[in-house]
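Asks: Chains as they are written, first to last, in my numbering: chain Z, 1 to 209; chain B, 1 to 209.
Honestly, I wouldn't trust all of these hints.
Each pair may be met inside one copy or between any two copies, as identical chains are not told apart.
List time: in silico DSS-like cross-link candidates among lysine-lysine, alpha-carbon distance up to 30 Å [stated by the list, open to error]:
#1 Lys119 <-> Lys169
#2 Lys119 <-> Lys165
#3 Lys91 <-> Lys80
#4 Lys137 <-> Lys169
Hints in this document: simulated from the structure, not taken from any laboratory. The structure displayed is predicted, hence computed values, not measured ones.
2 protein chains.
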Amino acid sequence: MRRIAESTVRRLSIYLSFLEEIQDDGVTTTSSDDLARLGGTTSAQVRKDLSFFGSFGKRGLGYSVPELTTALREILGLGKKWRVCIIGAGKIGAALARYEGFRERGFDVTALYDSDPAKVGHRSGHIVIRDTKELEKDVEAHRFDIAVITVPAENAQPIVDRLVKAGLKAILSFAPTQLSVPDDVELRTVNMAMELEGLTFALTNRPDR
Amino acid sequence: MRRIAESTVRRLSIYLSFLEEIQDDGVTTTSSDDLARLGGTTSAQVRKDLSFFGSFGKRGLGYSVPELTTALREILGLGKKWRVCIIGAGKIGAALARYEGFRERGFDVTALYDSDPAKVGHRSGHIVIRDTKELEKDVEAHRFDIAVITVPAENAQPIVDRLVKAGLKAILSFAPTQLSVPDDVELRTVNMAMELEGLTFALTNRPDR
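Next up, chain Z with everything else stripped away, as it sits in the complex (with noise of 0.2 Å):
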């Protein structure tokens, strides 16, 4: 399959979650013009996102609901589990291994890992903290598809590079700092701080209107 473009990806999801409250109310037919709408694009671009995939919808018909949500939940590799490990018990770790929407959407968190003394052995919902000296042992041991990092920042990059080494292949960082990954490693990033951050900045430095 060619290369497919993150904005792309991004706007099947929008499409996607979509789908899925529309379900949820009983509606079982949908437009590329609906789509679109959701999704701030055109239905042109909704109808050449899909093509990337195959063939959907009739024309003058419009897209069957529940045959695009398994669809695009198939395409966006939501058909199966993913085993998830947590790094880092603080906080954001602590809530993100309670999450539910992990849950809801194939996410299974399977190990939470802490470097304090004071938190290993000890459990975060019903997740026992484990050494993160464990990291190489387990990432083999337990398959783990993505890695989710909540440490500080200054202790991000070496911890991405053990889990890169170990093999790892998926990674979605909260930490607050630019990580650097081999072209064949997946990395998000999610950083609300910044976002907030980019908010005030934005509100503190107005030009007079």
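Following the hints, put chain B in place on chain Z, whose structure we already have.
Replies: Chain B only, in chain Z's frame:
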């Protein structure tokens, strides 16, 4: 002041988070090389980023950590309290209302809204959930600086339109949809499901290597 690129503001956030960490460790001076390493950039870029806001550091001596920390907090608008309201008292909204990271950075969550009569009037943490109907009145009366949107995708744009009309200038959205705002309103989006699906898409559709 001239228009500062969003990427510059993001790097300022990274520098600040690094400075706060090393300040906690008792470090008193740092260099553009150190800041560059963590920000995934060059020391020339660090100097350029800071030069927009004044003259910092001394050639050969580097930056005073406390001085630069204070300056960056000021530049990023963290020197004051921000009045924040959250709209949508679902799981994410309720979790954010209790999120310590907000308070630590000067974000004062003073109100939480929901349109579900079963939730209105009940407490989430120490905050009583108010009816979304009160939004326009409250935005004016309580002078909220920032609204955090955690409603379902289909309800997000109407809520944003109401907030904008009521005079709000900064919005952080967790709704999995594209939102539009006028030029004089700042909007940032955090979408964890989208980041995760970016990873699972990549894991599912990997070219053979």
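Asks: What are the numbers of the hints that this structure violates, sorted from low to high?
Replies: none
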